[in-house]
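Protein chains in written order, with the working numbering: chain A, 1 to 258; chain B, 1001 to 1526.
Heads up, some of the hints might be wrong.
[Said to hold, decoys possible] Label-pair distances were calculated between CB atoms; the ranges are:
1) B:Gly1038 to A:Leu251: 34 to 44 Å
2) A:Ala243 to B:Thr1277: 45 to 55 Å
3) A:Gly106 to B:Gly1393: 48 to 58 Å
4) B:Val1040 to A:Lys204: 47 to 57 Å
5) A:Phe153 to B:Asp1281: 49 to 59 Å
6) A:Glu129 to B:Arg1523: 44 to 54 Å
7) A:Val15 to B:Gln1520: 21 to 31 Å
8) A:Ala38 to B:Ser1293: 51 to 61 Å
9) B:Thr1106 to A:Lys204: 41 to 51 Å
10) A:Ala38 to B:Val1074: 39 to 49 Å
[As the list claims (entries may be wrong)] Non-contacting residues of chain B with respect to chain A, defined by C-beta distances greater than 10 Å in every case (computed):
11) Val1074
12) Arg1203
13) Thr1383
14) Ala1435
15) Ile1440
16) Pro1479
[Unchecked claim] Reference excerpt, derived from the structure (chain B facing chain A, CB under 7 Å, subset only):
17) Val1436
18) Ile1437
19) Ile1448
20) Ala1452
21) Pro1456
22) Ala1459
Think of the hints as simulated: they come from the structure by calculation, not from any bench.
All C-beta atoms in this analysis are idealised placements derived from N, C-alpha and C, irrespective of residue type, glycine included.
Here is how the chains run, residue by residue.
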Amino acid sequence: MRRHLQAEWTKLRTVAGTGWLLLGLVALTVAVSVVAAAAVSCTSAGCAYDPAKISLFGVQVGQAMAAILAVLAISGEYSTGMIRTTLVAMPRRATVLAAKAAVVTGLTLAAGTVAVLASLLVGRRILLENGFTRGPGTLMLSLFEGPMLRAAFGSVLYLALIALLSLGIAAAVRDSATAIGVVLGLLYVLSILPFMIADPGWQKLLWQLSPMNAGLAIQATTHLSTLPLSPWAGLGVLALWSAAALLGGGLSLRLRDA
Amino acid sequence: MSDRRRGDAPGLSTTVAHRSGFARLLRAEWTKFRTVRGWVLAMAAAALVTVLLGLLSASGSHTSCGGACPAVPVGPGGEAVEDKFYFVHRPLNGDGSITVRVTSMTGQIRLPDLTPTPTPGTRRVVSGLVPWAKAGVMIKESMKQGSTYAAVMVTGAHGVRMQHDFTQDVAGRPGGVSQRSPRWLRLTRSGEDLTGYESTDGRQWTRVGTAHLAGLPDAVQVGLFAASPGDLTVTPGDFGGSSAASRFAEATAVFDQVSLEGSVADGVWRPDDVGVTLDPDGSAHHPGGFKESGDTYTVAGVGDIAPLSDGPQIENTLTGLLTGLIVVIVVAVMFITTEYRRGLIRTTLLAGPRRGRTLVAKALAIGAVTFVTGLAAATAAVTLGKGILVANGNYVLPVAPFTELRVIAGTAALLAAAAVLALAVGTLFRRSVAAVITAIVLIVVPYILATASVLPAGAAQWLMRLTPAAGFAIQQSIPAYAHVLGNYTPSGGYYPLAPWAGLAVLCGYAVLALGLAVFQLRRRDA
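Starting from the given sequences, assemble the full structure and let the hints guide the process.
Encoded structure:
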């Protein structure tokens, strides 16, 4: 396994796009979060916004970068034919996928931590200026209070799970354009579907099934009782999606010719 | 003479050769598309998924009214309207006029319930007027809801207005009314033309506007009216989007110095609570009222005289479009990036060395294929989806045939423009993943952030103005009316740009990207 890890790390490290994608993840997440935080303000009537969700808003865009990184880690090999060399050198295909997953997860966790911490710190400053108040009994929590810590930690995990989901799909689909289309469709389109259906029962079910909506429940710090899923259960839904995708991708890698 | 002919001939034949050359290029690109089974299947899947998701969302929408739903009145322009107000009227034959003085306009508004409710059933009602509360004089074809009318009125916060046929609104002078500064209003009928006037003293009159009511019969109703739309609050949804709620509001106006001219039947004023909602026991829900004491008339009304902007709309059946759009983007990107991956691009450029024309032919081919696919999908989704919505008891807001055509053909054009944009981005990047992501981040992500996220309405509107997602405006079938308060936000289905302007923004992006792509294709080695 160590050899596998080293091989995958070397491959990913030496591809030109990786650094840019990780940088893009951090930059996009922070930039979009800052814009979102600057766009909201509290009136004297109260705050309708969840400060954690707003200052981590950029995760919704930054996740695309994690998805590309993961998709390219495997479909890039298919498009260049490198996959055949890889599988000749390391014939245990499940281990190859596991090693790829480990390396991609590690990189996403590292970049995600930077992105989330920076977004929270900058977002907090802007929100305080926009009328969110600090103090006991208010919405604005410090970074180390329970729900805020959960939102921060959970968002990093969320990004890693998105990368794993993308890796599994790419292993199953192989073609990079198709894989990225499927991943983004699954994330963005499923996330908007509940808002387009009037029936509350369907709405709730679709919301709970959508990997992005359910997974981002981890960022909620207010109105928790109105959420269709508790934060950790929501992240669990996303974890199930990722596990299913990895399983499907792993089986496809084992059973099909490369 | 013969020299000139000889000089012309080569030029002419070159043009013909160019034209047939372009047709050949187009044909070549069509053949490339047609013969890749995956792309043809993907396009079919895009159409299918657009229709199926649309139908799924249509079947998730039910309305029941405990029996037959009351018929929604339709205005003279064919739009669904709310025609609910208190009208104190008399018949008028032929030409004539009504003049009144409004000395007071007051009202009451129910505020949102406190949560938690201190004692169940507590209602917080305060005195006040909503901005579009209205009272004044009106001439209306008949007491039938939706019939043609014109009215001059004082409003809660928008001064004097002259409105007619529900959708038309002309501003008079601003300001409200009080005992010390009353407003005089006059409405004159001359054939099918009605003219509204206002005055502060009853001597110096200012014309507010003239309305032409086509087909106005000789016998009409003339009188005093009052109405107040509900108090609207829009709250951001807990997990994104927004929801609008409307609560009871009432307006009461005091009129005096009422004078009628023309052939008005003698007798008494007839009060009518037009369109009042009845409770199950048959009594009126939130009734209006009328009091007459000497020369003073007090009229109180609830409701509105305005186009309906709320309810299922035909574009609600096109919810599957986003999924179809992503498939189209992937196919359009691959239409060019596969050529780079397989090296086919070198053959293509050898056969069509004028690179700009070759790329334009490619764009036309993918655009046309997408347009036809989109047209079929949108037609099926809208016609079938409307059927399902109606079968589920929903009232779909009616629109003119041309508007429906615009929504359907516009959706196809939106897909085609997105395909051209994706193709151009694919040419610029030459790599599928980067191109697919860029196209999706440009078109799909702004739309999603604007309609289904916790982003505030102002930011959402800017996204729908500046990004290629502005093209979605072509789907809006019901316009936002300035004289009706509504949840006019992208999440409510209302876009800041006019339909064609929105599509033009998307097309502008597509043309710009295609221009850049041609420039790059010419400059770089393949």
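Evaluated hints:
no., hint, result
1, B:Gly1038 to A:Leu251: 34 to 44 Å, "22 Å, violated"
2, A:Ala243 to B:Thr1277: 45 to 55 Å, "53 Å, holds"
3, A:Gly106 to B:Gly1393: 48 to 58 Å, "54 Å, holds"
4, B:Val1040 to A:Lys204: 47 to 57 Å, "37 Å, violated"
5, A:Phe153 to B:Asp1281: 49 to 59 Å, "57 Å, holds"
6, A:Glu129 to B:Arg1523: 44 to 54 Å, "46 Å, holds"
7, A:Val15 to B:Gln1520: 21 to 31 Å, "23 Å, holds"
8, A:Ala38 to B:Ser1293: 51 to 61 Å, "58 Å, holds"
9, B:Thr1106 to A:Lys204: 41 to 51 Å, "43 Å, holds"
10, A:Ala38 to B:Val1074: 39 to 49 Å, "45 Å, holds"
11, Val1074, "23 Å, holds"
12, Arg1203, "45 Å, holds"
13, Thr1383, "18 Å, holds"
14, Ala1435, "8 Å, violated"
15, Ile1440, "5 Å, violated"
16, Pro1479, "21 Å, holds"
17, Val1436, "5 Å, holds"
18, Ile1437, "6 Å, holds"
19, Ile1448, "5 Å, holds"
20, Ala1452, "4 Å, holds"
21, Pro1456, "5 Å, holds"
22, Ala1459, "4 Å, holds"
In the structure shown, a violation is registered for the earlier hints numbered 1, 4, 14 and 15, in ascending order.
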